[in-house]
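Enquirer: Each chain is listed here by its residues.
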Amino acid sequence: MVNLAKVVAFSLLTIGFFAFFANFGIPEIKPAPPPVDEELDLSSMTMEGFVALGDRIFNGKGTCTLCHNPVGGRAPLLDDAAARIRERLRDPRYGGQAQTLEAYLRESMLEPSVFVVAGFGKAGTSDTESPMPVVSGGGIGMSEADISAVIAYLQDRWGLDITVEIPADVAEAQVAETSMAATPVRPLKSPQAAFTQFACTACHIFEEAGGQVGPNLSRIGAQRDREYLRRAILDPNADISDGFVPNLMPGTYAEQMYASELEMIVDYLAGLE
Amino acid sequence: MSNKRSGAWSGGFVLLVALLLAGAFALVYLDSGVAVAAEVSAAADTGVTYAPAPKLTADDYPRVDRFNGRVAVWLAAQMHLWFAAFVLAVPIFVFIIEAIGMRTRDKRYDDMAYEFIKVSITAYSITAIFGGLLVFFLTIFYPHLFQYLTTIFKESMVYYALLFFAESAALYIYYYGWHWLQGGFRKWVHLTVGLLLNAVGTTLMFLANAWATFMMSPAGVDRAGVFSGDTWAAIHNVLWNPLNIHRVLANIAFGGSIVGAYAAFKFLSSTVAKEKAHYDWMGYNANFIAICALLPLPFAGYYLTAEIYAYSQQMGITSMGGIFAWLFIIQAVLIGTLFLSANYYLWCGMGRSDGAERYNKYVKYLAIGIIGAFLVWFTPHTLVLTNEELKALGGPYHKYLGPLGIMPAKNMAVNMMIIFTTISFLIYRRANKIPIVSWVSQGNAVLYALFATGILNILFLGIYHGYFTNTVYKVASSIPQVLTTLTIIVASTVIDASMYKGAKQVAPLHWGRIPDRAQYALFLLAVAFTWLMGLMGYIRSGLRQHWHVKDIFRDASPDAFTPTLGYAANVVSIGTILFLTLLIFIFWLSQLAGQKTSSGDYWKAQEPW
Ligand code: HEM
Chain A
1469 MVNLAKVVAF
1479 SLLTIGFFAF
1489 FANFGIPEIK
1499 PAPPPVDEEL
1509 DLSSMTMEGF
1519 VALGDRIFNG
1529 KGTCTLCHNP
1539 VGGRAPLLDD
1549 AAARIRERLR
1559 DPRYGGQAQT
1569 LEAYLRESML
1579 EPSVFVVAGF
1589 GKAGTSDTES
1599 PMPVVSGGGI
1609 GMSEADISAV
1619 IAYLQDRWGL
1629 DITVEIPADV
1639 AEAQVAETSM
1649 AATPVRPLKS
1659 PQAAFTQFAC
1669 TACHIFEEAG
1679 GQVGPNLSRI
1689 GAQRDREYLR
1699 RAILDPNADI
1709 SDGFVPNLMP
1719 GTYAEQMYAS
1729 ELEMIVDYLA
1739 GLE
Chain B
3 MSNKRSGAWS
13 GGFVLLVALL
23 LAGAFALVYL
33 DSGVAVAAEV
43 SAAADTGVTY
53 APAPKLTADD
63 YPRVDRFNGR
73 VAVWLAAQMH
83 LWFAAFVLAV
93 PIFVFIIEAI
103 GMRTRDKRYD
113 DMAYEFIKVS
123 ITAYSITAIF
133 GGLLVFFLTI
143 FYPHLFQYLT
153 TIFKESMVYY
163 ALLFFAESAA
173 LYIYYYGWHW
183 LQGGFRKWVH
193 LTVGLLLNAV
203 GTTLMFLANA
213 WATFMMSPAG
223 VDRAGVFSGD
233 TWAAIHNVLW
243 NPLNIHRVLA
253 NIAFGGSIVG
263 AYAAFKFLSS
273 TVAKEKAHYD
283 WMGYNANFIA
293 ICALLPLPFA
303 GYYLTAEIYA
313 YSQQMGITSM
323 GGIFAWLFII
333 QAVLIGTLFL
343 SANYYLWCGM
353 GRSDGAERYN
363 KYVKYLAIGI
373 IGAFLVWFTP
383 HTLVLTNEEL
393 KALGGPYHKY
403 LGPLGIMPAK
413 NMAVNMMIIF
423 TTISFLIYRR
433 ANKIPIVSWV
443 SQGNAVLYAL
453 FATGILNILF
463 LGIYHGYFTN
473 TVYKVASSIP
483 QVLTTLTIIV
493 ASTVIDASMY
503 KGAKQVAPLH
513 WGRIPDRAQY
523 ALFLLAVAFT
533 WLMGLMGYIR
543 SGLRQHWHVK
553 DIFRDASPDA
563 FTPTLGYAAN
573 VVSIGTILFL
583 TLLIFIFWLS
593 QLAGQKTSSG
603 DYWKAQEPW
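Chains as they are written, first to last, in our numbering: chain A, 1469 to 1741; chain B, 3 to 611.
Incorrect hints may appear among the rest.
[As the list claims (entries may be wrong)] Here are the computed lysine-lysine pairs in the DSBU-like style, where the Cα-Cα straight-line distance is at most 35 Å:
| id | chain 1 | residue 1 | chain 2 | residue 2 |
| --- | --- | --- | --- | --- |
| 1 | B | LYS156 | A | LYS1590 |
| 2 | B | LYS57 | A | LYS1590 |
| 3 | B | LYS276 | B | LYS57 |
Simulated from the structure, these hints should not be mistaken for laboratory data.
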């Protein structure tokens, strides 16, 4: 019994020490409370107010400075990036859609992996995948209006003309946000998801279901090789299949699809025998 | 119980279990038919079958007056985790000891193994009780979260139940069949049951880990949380395997430390020299196994962290940069405690032999080395709290301590700590022996060279990559450093073992000749381990911040905030005390079976049959 008492006392002392250290040995810090969405009244907002909002988002909710700061070396600095960004748009590696600085900034936030600044990609992806989160995604949850505000803030900070407009009303911005959240993660991971996304099923039958505007593709792999299939998707008018007319199938897939999606679809079709 | 009776009983039990298993299989078979059909329909109209993660408000969380739901869930989960870890670790531990016993034909090992499997049975039911309690609290306080998770893991839950049956069956056969399955072939059958028990238990834990990691790095769902219908994708999320590895190792070390504490207590309580010797020997073996699992743990921990970074840089930075930076200081204190007490125990153990005096003079250098490494590890890394603080400090690193706080320095420190512990071991093993091979001096020279070049290599790699290259390469040194450490451990063990083959004993080894304070080192080990596990459970959950499922399913309850470290430490402390109390109870129960009290003339005398 004496031993038990000694051992219990010793254990309690040890636990007490750890608890004491955690309570008093290190500074008492109150973690930041979960972010609350600001009630925005955009209708009466001035451009200064909008820039100030962008500043708050950039340094707060947006968590931009977590990575874009001078000490960690984790992300390119955004202090005076205007000239650099104009160069990016001329970079032969640049494959995005942006023509203007504003569009580039928006794209950087919404589709970070479209262009990855050399040396900053995720390890092992040789700069094809960006570690930067999609800012409209759940983790940060910026709305269309938030993104515009950050762009306004950056343009103001770089001494440029502000090109964004204050969104007319919040409802619109909110709609944009929810439809954003509902769009599936790209690149798509399954052929079925791709058929839905690109509306192939509106015109083609796969696995017994679909429209009849185009040829039935249920056994397409038995007739066509991969080379042909790839061409049929990227350049539909290159070969016209018997009994159909040109210019019906959209010729825009080359721009809309990720390479991995195209290959996935071709693989899948080639396997339908 | 007569041998024959117990045999028949076990036979009946096996039959019962077989029936149960068959039934469960039939269930799974039927269910998988349903599941396949469901999958097809889900695939045909993608995404229609599953709803996105719900967007909740504070009102969606039931409240019970003066009852903190979060703390209830937290404690139930933590207690469940502790007991589960213990229940999984003991069979691993027992299996190893049983195998050693079979190999050395030393019955003492077998007896020790049996002494431990006894506690598993009670611990097992307590684990189940806390598991039930956790589900109960979750359904009460977080009904939507629980429902969302069960939708996703529905398919795997059948296997969970099945494994649970198999685990109970294997455990009962392993325990009750211990004396029945003895000798030759039967012993092998018994060991095989033990292996099965461990395989099932580990799989069970992996399934449970899937829930925890899914919440951190969700997979198999899209950005809105719509489930794709593929449960395996959800299970096999990015952090699943890193956590699996870390937990298996941590559980073994944890189990070893608890067993060590048990032996220590028995040692202190016994007055007979023979008993003292037995429990000293038991404590030594438990500590040995704990250290073997402890050595690779830091690497598994860094692997886990690296994967967290790779999955989400945001979450990675939160873990090392925000308030959790301070948590890693507390973690360093605990891990330092673990290493120091394990080493201290070894040094005290040198007193068991008369030959050890030759080595006593080295101990202080080892102590200095380990404490030095500990202090480097202890040095804060990034102490940024908010962006304001970042600006005020001008950077996340302290001006003078900064260079010691970065990762490469810590990598060096960890590797050093492990190498010094290896040396402690080496010295301990040598303490009572004199080698008889002809190449002693050459062998020693090789060992000196091995350790010296290894240590220099680790320091060079760390300093060069840490301070003379840019950020991207800073961690590049960790892999060659780890390889160096592993090479040292393996090579030194091999060389030393062949050098001391057939070595002469200086004097007989006196088991039981060890000071009482060494036993307290074993208690320290067990308490620190338990507390550390609780603390790390807090960071695992805390990293998600205000998310149930990171970035997908937001926690909208009033309790969504991250509690302060001090508060968390207090909850962990209460949990630790609860756990240790129950543990004492379990050990007390296990020895109750052997206790007899004379009933006097309570029973009426009867005619013989
Ligand atoms: C000697 C070094 C280490 C020891 C002794 C150790 C020990 C432990 C223990 C006992 C647990 C609880 C395991 C369980 O619940 O089954 C744990 C969990 C954890 N460890 Fe470590 N660890 C070490 C290194 C690290 C490092 C370096 C990191 C990261 C920087 C780390 C990160 C974690 C995390 C995030 C968990 C939470 C997992 C969970 O409980 O769900 N560990 N560690």
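Enquirer: Provide an ascending list of the numbers of those earlier hints which the structure does not satisfy.
Expert: 3
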